[in-house]
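Position chain D against the provided structure of chain E, taking the given hints into account.
Each protein sequence line maps, in turn, to chains E and D. Residue numbers are given in the working numbering: position 196 of the first sequence equals residue 665, and the series is strictly consecutive. Residue numbers are given in the working numbering: position 268 of the second sequence equals residue 271, and the series is strictly consecutive.
Rather than coming from a laboratory, the hints here were simulated on the basis of the structure. Every value quoted in this text rests on a predicted model; they were computed, and no experiment measured them. Treat the hints loosely; a few may be bogus.
[Unchecked claim] Straight-line distance between alpha carbons at most 30 Å, and here's what the computed DSS-like set of lysine-lysine pairs gives:
1. E:K556 <-> D:K27
2. D:K158 <-> D:K268
3. D:K121 <-> D:K96
4. E:K617 <-> D:K9
5. E:K658 <-> E:K617
6. E:K556 <-> D:K106
7. E:K556 <-> D:K17
8. E:K633 <-> D:K9
9. D:K412 <-> E:K619
10. E:K662 <-> D:K99
11. D:K268 <-> D:K317
12. D:K202 <-> D:K99
13. E:K502 <-> D:K206
14. D:K17 <-> E:K662
15. E:K556 <-> E:K619
16. E:K502 <-> D:K261
17. D:K364 <-> D:K96
18. D:K17 <-> E:K619
19. E:K556 <-> D:K9
20. D:K293 <-> D:K317
21. E:K619 <-> E:K662
22. E:K610 <-> D:K31
23. E:K610 <-> D:K27
24. D:K268 <-> E:K502
25. D:K206 <-> D:K261
26. E:K633 <-> E:K610
27. E:K643 <-> E:K619
28. D:K9 <-> D:K121
29. D:K412 <-> D:K308
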Amino acid sequence: MIVDTKVKTGVSEIDNQGNNFENDGQLISNARKDPAAFAQLYRRHYEAIFGYCVHRLFERQAAEDVTSTIFLRAVENFWRFSGNHEKSFRNWLYTIASNAVNDHLRRSARRRIIFKTVLEEAGKELCESNEESPENLLLLKDAMLSLKPKYQTIITLRFFENLKLTEIAEVLGKSPGTVRSQLARALAKLERKLSFARREVQ
Amino acid sequence: MNNYEKEFESFARKVNFDDTVDIKHRDKLEQLLLENFASPRPQQSKVWRIIMKSSFTKLAAAAVIIIAVLLGLHYFGGSIDGASVVWADIAEKVQKIPMVVYKMRTEMTGLSNMPKDKVTTMETVVYNSLEFGERQDSVAEGRVLSQNYRDMPNKLIILVQPLAKQYMKMTLTDQQVSKFAQSNTREIVKHYVEFGYTKLGHKNINGIDAEGVEVNDVRVLGGTFETLKGQLWVDAKTQLPLLMEFDCTADDNSVHTKLTMYDFKWSEELNRSIFEPNIPSDYKLTVQGKMPDMYDEATVFTGLKLFAQMSGGKYPSSMSMMTIVKDLGQYMKDKHAESNQRDMMDIGGAAMFYATLVKEKKDAAYYGNKVTAADSNTVLMRWKISDNEYRVIYGDLTAENVSAERLSKLEAAISK
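For reference, chain E alone in the conformation it holds in the complex (with noise of 0.2 Å):
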C-alpha cells in the first residue's frame, strides 16, 4: 500500500481547509509518470471528495460509488490537466465531483421518489429522538435535494466544503460575480424550504 509521504522542497502553503499543500508542484508532475506519486495525490484529496460527495448525496454507499467515479475520470483524463499546483488540482477534483454527483442525482431521481417514502419512515422516528443533527440532516438533505444541482454545487462547496468564492468560480468554470449572485439565489430558495420544513416538523 502507498504511504503518505511529504517530500520537501521549501514551499508550503495552507489553504482555508486547512491543506497543507507542501511541494505540491512536484508532486503533480511526479505523478503525471509515476503512479506511487499519482496515488499519494489520490490520498491527500480523497477525504474531502468523499467528503463532497457525502453533503451532496446524503447517502454513504453512494457517496463512496461516486467517489470511485470522480477518481478513474481523473486518472484517465489526468493528461488533459494543466495545472501545476496541487491546489488547482484539488479544483480540478470538485469540478469532476460535481459533474458526477449530478449525473448521479439525475439518474437516481426516478429512484429517490421510491426511497422518499421509506425516508419519511426514517425521518419521523428520527424526529422521535431528542438529537438535534439528524432531524437538522434530514431537514437539509429534503431542502438541499429540492434545489437544482447548480445550486446545490454551491452551497456545498461554499458552506460544507469551505472553498472561497473565486475558488467555486474555477471549480465551475464561472465569474466570480456570477457565483456569488448563484449562491444568493440558492441561499434564499433554501432558506424558504428550511422554514417551511421546520414549520412542518413544529
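Just chain D now, with coordinates in the frame of chain E:
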C-alpha cells in the same frame, strides 16, 4: 456575509454527516486507480489480472522483488585504488550527499516459462538517505508490485506487496546495518572507479554535456549476473551522475537484463516519513525473521539444501542471482510463489554468500552445473581461507578444510 448566510453556516455546522472515511474503500479504490494509471484503456487491468493468475508470473514478480531486497546487501565496497583523481573525487562526492532520488528501469528477457522475446519491465523509484535508509517503489504494468524499505534506524527490511496484501519483515544485525549504510547507488558509482574503467569521452544527454566511463566487471552489481557491461555518465559541469546503464546476462547468456538508472535528483530534501512504512492493518505478515547473513557459512548450506529439496537433488547451475531465479522457475511452476518467499530469501542468501567470496577475492569456485546432492565426495563449492588452505563443500553438503594440493586432486575428479 449577510445574516442568512451566517445563520445557514451555523445551521450547517450542526448537521452531523456520516462522512468518516472507510479505509477499506479508500485502499481498494487506490488499487483500482493504480491499475488504470498506465493506460486508460479498460482492458489493461483485466489483462494484468489474468497475467497475475499465472503461477510463473507470480514467481517472476516475487523473484524480482526478493532480488531487490537482497541486492541491497551486496554493494559493500573497498577502497578506490588506481582511479584518476577526477573520477575518485566524483565517487567521494557522491558518497557524501545525504539524500538522492532516482528512477530505475529493469527490463528482463529469458525468464523461465516466458516467451523467448517477452520483455518483463519494471519501473522503480528509489529514495535514498544516508541517515534513514532507502525506499524503493516498484511498479509493473501500472501496478505497485512492491515497496521495499530499508529502515536503518530500526534495523529492519520491510517488503510490502500491495497486490497480495502482504508484507515481510526481516531484522538486520549491526554488521548488516553498517554494510547497508554503505550500500546504495553511491556505492555503485564507487565500484565503477574501483573495478577499473575505460573512458568513453563526452556525449550530450538531454542537452547536458556528460562524460562517461565503462566497466566490465560483474562485481559492480555484487555478482548478481554472469556478465556485465556498465556505463556511467556524469554531468561534466556538476560532476554528479546523470545516467547509469547496465547490460547484463546470466545462465550462459539466456537471461538478459538491462538496468537503466536515470532522473537523478542529488539535492533532494526528503522528509523522514517517506522512509517509514505505513502498512494497512489488513495486510498479512508472511515472512518474519533474520536477513540471511552473507558472512555466515550456514547461509550457504541453508540455501543450497532448500534448492536441492525443491529440485530433487540438483543445485543451481551457477551462483549468480539471476541464474538461480531462472532455475527456481523450472522447479516451482506449479507452486505459489508467495508461499515460498522465505525459501527464496534463504536461497538468495546462498548466492549472496558466494558473491561475497568472489568480491573479497577469496578464489571461490562453484560446480553446481556438474554436481548433485548424490555426489558425496565431489566438490560443489570452495574458497580460500588461508595461504594454503581451502574450505570445501561437497555435493552432499558436508564440508571440510583441505590443502591446495588436495583440492587440486578433488577438482580434477570433477571434470572426469
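Status of the hints after comparison with the structure:
Distance hint between K556 of chain E and K27 of chain D is fulfilled; the C-alpha atoms sit about 26 Å from each other, no more than 30 Å. At most 30 Å may separate the alpha-carbon atoms for a hinted pair to count; K158 of chain D and K268 of chain D meet this at roughly 26 Å. Distance restraint check for K121 of chain D and K96 of chain D: the Cα-Cα separation of roughly 39 Å exceeds the 30 Å cut-off, and the hinted pair is therefore not satisfied. For the hint linking K617 of chain E to K9 of chain D, the alpha-carbon distance of about 22 Å falls within 30 Å, and the restraint holds.
Note on K658 of chain E and K617 of chain E: the hinted pairing holds, with a Cα-Cα distance of about 10 Å set against a maximum of 30 Å. With a C-alpha separation of about 27 Å, the suggested pair K556 of chain E and K106 of chain D falls inside the 30 Å cut-off, and the hint holds. Taking the CA atoms of K556 of chain E and K17 of chain D, the gap is about 27 Å. The hint holds against a cut of 30 Å. Simply put, K633 of chain E and K9 of chain D have alpha-carbon atoms about 15 Å apart, close enough for the 30 Å limit, and the pair holds.
Simply put, K412 of chain D and K619 of chain E have alpha-carbon atoms about 90 Å apart, too far for the 30 Å limit, and the pair is violated. This hinted pair does not check out: K662 of chain E and K99 of chain D have alpha carbons roughly 67 Å apart, beyond 30 Å. Between K268 of chain D and K317 of chain D, the direct Cα distance comes to roughly 45 Å. Violation of the 30 Å bound is thereby established for this hinted pair. Between the alpha carbons of K202 of chain D and K99 of chain D the distance comes to roughly 24 Å, so the proposed pair stays at or under 30 Å and holds.
Between K502 of chain E and K206 of chain D, the direct Cα distance comes to roughly 26 Å. Compliance with the 30 Å bound is thereby established for this hinted pair. For a cut-off of 30 Å, the pair hint linking K17 of chain D to K662 of chain E stands: about 18 Å separates their Cα positions. Between K556 of chain E and K619 of chain E the CA atoms are separated by roughly 22 Å; this keeps the pair inside 30 Å, and the hint holds. Our distance criterion of 30 Å between C-alpha atoms is met by K502 of chain E and K261 of chain D, whose separation comes to about 20 Å.
Between the alpha carbons of K364 of chain D and K96 of chain D the distance comes to roughly 27 Å, so the proposed pair stays at or under 30 Å and holds. Annotation: proposed proximity of K17 of chain D to K619 of chain E holds, straight-line Cα distance about 23 Å (limit 30 Å). About 26 Å separates the Cα atoms of K556 of chain E and K9 of chain D, which keeps this hinted pair within 30 Å; it holds. Between K293 of chain D and K317 of chain D the alpha-carbon distance is near 26 Å, which keeps this suggested pair within the 30 Å criterion.
At roughly 16 Å between alpha-carbon atoms, K619 of chain E and K662 of chain E fall within 30 Å of each other, so this suggested pair holds. Restraint check for K610 of chain E and K31 of chain D: satisfied, since their Cα atoms lie roughly 29 Å apart, inside the 30 Å limit. For the suggested pair K610 of chain E and K27 of chain D, the alpha carbons sit about 27 Å apart, so the restraint of at most 30 Å is met. Under the criterion of a C-alpha separation no larger than 30 Å, the hint pairing K268 of chain D with K502 of chain E is consistent with the structure, at around 16 Å.
Between K206 of chain D and K261 of chain D the CA atoms are separated by roughly 20 Å; this keeps the pair inside 30 Å, and the hint holds. Restraint check: the Cα-Cα separation between K633 of chain E and K610 of chain E comes to about 23 Å, which is no more than 30 Å; the hinted pair holds. As the CA atoms of K643 of chain E and K619 of chain E are separated by approximately 12 Å, the hinted pair is consistent with the 30 Å bound. Among the hinted pairs, K9 of chain D with K121 of chain D is inconsistent with the structure: their alpha-carbon atoms are about 65 Å apart, more than 30 Å.
Taking the CA atoms of K412 of chain D and K308 of chain D, the gap is about 25 Å. The hint holds against a cut of 30 Å.
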